[in-house]
Amino acid sequence: MQPQSGILDQVLAQRQRVTERLAHVKHVVAVMSGKGGVGKSALTANLAVALGMRGRSVGVLDADIHGPSAAAMLGARGQTVEIGQDGARPAIGVANVSVMSMDLFLDGEDTPVIWKHPGGLASDTYVWRGTLEANVLREFLGDTAWGALDFLLIDMPPGADRFETLMRFIPDLSGGLVITIPSRVSHQVVRRAIQSARMVEAPLLGLVENMAGLTDPESGAIRELYPDGDGEKFAAELAIPYLGSVPFDPRLARDTDAGRPFVLNYSQSPAGEAIQRLARTIEEVVR
Amino acid sequence: MKFVCNDCQRVMEFRDNTPGQGGGSMAIRYICPGCNRSISMVTNPGETQVVRSLGVTIGHEAIAHTPEPMAMIREALAEQKPAASVPAGPDPVWTETALRRLNAAPGFVQGMIRRLYDDYARQKGYAEITPAVMNEARDALGMSEM
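Just so you know, the sequences run in chain order A and B. Counting along the first sequence from 1, when you hit position 11 you're at 11 in the working numbering, and nothing is skipped either side. Offset between the second sequence (1-based) and the working numbering: plus 1000.
Derived from the structure by calculation, the hints contain no laboratory data. Mixed in with the good hints, there may be bad ones.
Said to hold, decoys possible - Computed from the model, here is a short list of chain B residues facing chain A with C-beta under 7 Å:
no. : residue
1   : M1070
2   : A1078
3   : E1079
4   : S1085
5   : V1086
6   : F1108
7   : N1135
As the list claims (entries may be wrong) - Pulled from the structure, derived: some chain A residues nowhere near chain B, Cβ distances all over 12 Å:
no. : residue
8   : A88
9   : T125
10  : R129
11  : D172
We put the CB at the ideal spot given by N, CA and C, even for glycine.
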């Protein structure tokens, strides 16, 4: 029999590697929103730390290939991906959260993600870039030596298309955690994202309303931030469980940007308590 | 896709593949098992990239080859920092006293600290991590506060 590349066999082997790797992960949760700028990555980082504070082993996979932020937010920026016999070792962030992100491959804060296009025209990259970036997600899932985890949180990029890709790699995903903010525009985009997720029969854990009010760090009082807030009503309209809301706290943005997830230092603040409540709720809904 | 030698009426067999002049193109050589006539099919860069973007390898040299972790990302990224290797060797065992000392560090950084000591012990070939090994590592790595 003549030798062949066996491309189909290679693709099947790739899928098998993902399945084997995730066999040691109890719950895989995709944190998603159709909209950018809703604080999804900061919430993912704080949620991971809150779960870690509850004694859970947690990993965060940063699926935002062109705007990676998880490593920075979890204090793991500057670490390098290390290749071992068992796979690529993830970075270790605060609260022992394992992190895999494109950020760990890039040399320097300003380095953009640019793919080689040897011999071809740069304008041709649209032909293969989507496939390649789907396979970046596949390598993150299948090649990272996550070890045994209670939770793997996947910080999805804005847009709904990558969620469909994720579902192909992880058919038994625990579910999507949908993040919105109390604005009409966000609601419109999230509505579409949920519709897309339902079209691929993705399980959805529920809706979280982020930036639901503004916390005054001095008094702890919560003021209105957006006029259109009613996450519970919005969740009911969408026929999706409402998992809670998190108010905005300026310290959350400042600390999380600096790689010190807010919930660690301000666990008693309204936003800190809301994040911890959300962590408990997630533990319950995935059970 | 198959090629047939018109003279022999036999299916030509894959022989090898080589990168073409265009960088992204590839010459795939087939040979007739009857008359040894060979032909080359040259792909264009776009076709090669589409297949490579699947993260697969092409050509019979690749058969039974398990790619290194993150091989596709490292192959495809134009600018990147070099990956490091995990120090070889089995996981070192922590003695009770060493573990007590590790647990005295703030919980949120224990994972990072533990990895540093584990890696140091592997590099040095130590099977066990004791307070003495921790002291040695601390001095060597400049971790005066740990």
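Now the hints, each set against the structure:
no.: 1; hint: M1070; verdict: 5 Å, holds
no.: 2; hint: A1078; verdict: 4 Å, holds
no.: 3; hint: E1079; verdict: 5 Å, holds
no.: 4; hint: S1085; verdict: 6 Å, holds
no.: 5; hint: V1086; verdict: 3 Å, holds
no.: 6; hint: F1108; verdict: 5 Å, holds
no.: 7; hint: N1135; verdict: 22 Å, violated
no.: 8; hint: A88; verdict: 4 Å, violated
no.: 9; hint: T125; verdict: 8 Å, violated
no.: 10; hint: R129; verdict: 8 Å, violated
no.: 11; hint: D172; verdict: 22 Å, holds
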